[in-house]
Amino acid sequence: MNEIKTAVITGAGKGIGKALATGLAQLGYQTILVGRNKQNLEQVAQQIGSNAKILQLDITDRPAVKEAISKIIADNGSIDVLVNNAGIHFSGSVDIAEDEFEKMLETNLTAQYGVLKEVVPVMKAQKSGYIFNVASRSGKVGFSGGGAYSASKFGLVGLSESLYRELNPLGIKVTALCPGWVNTDMAFDAGTPLESAQMIQPDDLFKTIEWLLQLSPGACVKEIILESPNSIS
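The opening residue of the sequence shown carries number -5 in the working numbering; numbering runs sequentially from there.
Since the hints were derived computationally from the structure, they do not count as laboratory data. Owing to the predicted nature of the structure, the values given are computational and were not obtained by experimental measurement. Treat the hints with care, since some could be wrong.
[What the hints assert, rightly or not] Label-pair distances were calculated between CB atoms; the ranges are: (1) A191 <-> L164: 39 to 45 Å; (2) Q37 <-> L209: 40 to 46 Å; (3) P163 <-> G139: 20 to 26 Å; (4) D197 <-> S225: 15 to 21 Å; (5) E96 <-> S156: 19 to 25 Å; (6) G139 <-> S64: 40 to 46 Å; (7) I(-2) <-> Q33: 34 to 40 Å; (8) G86 <-> G165: 37 to 43 Å.
From the three backbone atoms N, C-alpha and C, an ideal C-beta is built for every residue, glycine too.
Could you build the full structure based on these sequences and the hints that come with them?
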């Protein structure tokens, strides 16, 4: 097994994923940047430098995910950190278009399950690892006009909690990150009422992960909710 630890980050081409990948690379991890947009991934990898590899992949493509995880293990020997970050957002509850609802569930929940299905056995064999599931405050609280998105994120939080209970006794930590409005393009596309400076910054998520990675093996954190003081209700 390689001495250099490997971190796989989905949705790494921008926003939260970009910040987490950049930060983990600075901590010395070999980062595997996963995403659909090759140009975005290449730009992030160029900024990171030698500690980054790109993997253009649609995580809703289950056979491609299976092949990709096998290749990562063959090339790197281990997966020490998984950041399940890829996600999409459409506004609405029962008024949302059915295809949008299904696409959001597929990306935000079913695809996350697909990645976990391939990575968890790897970490079990290693008897070590850390899984970060990037959910949302909308996965803890249902907001008016956001029921469909909440459904996908509530599902991810539930899956994460089950894995937390199953895997921690095996030496594998699992934490759900549940941020409110984060200063990203997705937040503005979703209609955030906050200005950039009022929101959680992507680097705040990295600082959270950095702290969690420093905890002793005997300290486990099921979930962390981050909120902006301007949006607490």
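Worksheet item: Can you give the numbers of the hints that this structure goes against, from lowest to highest?
Response: 2, 3 and 7
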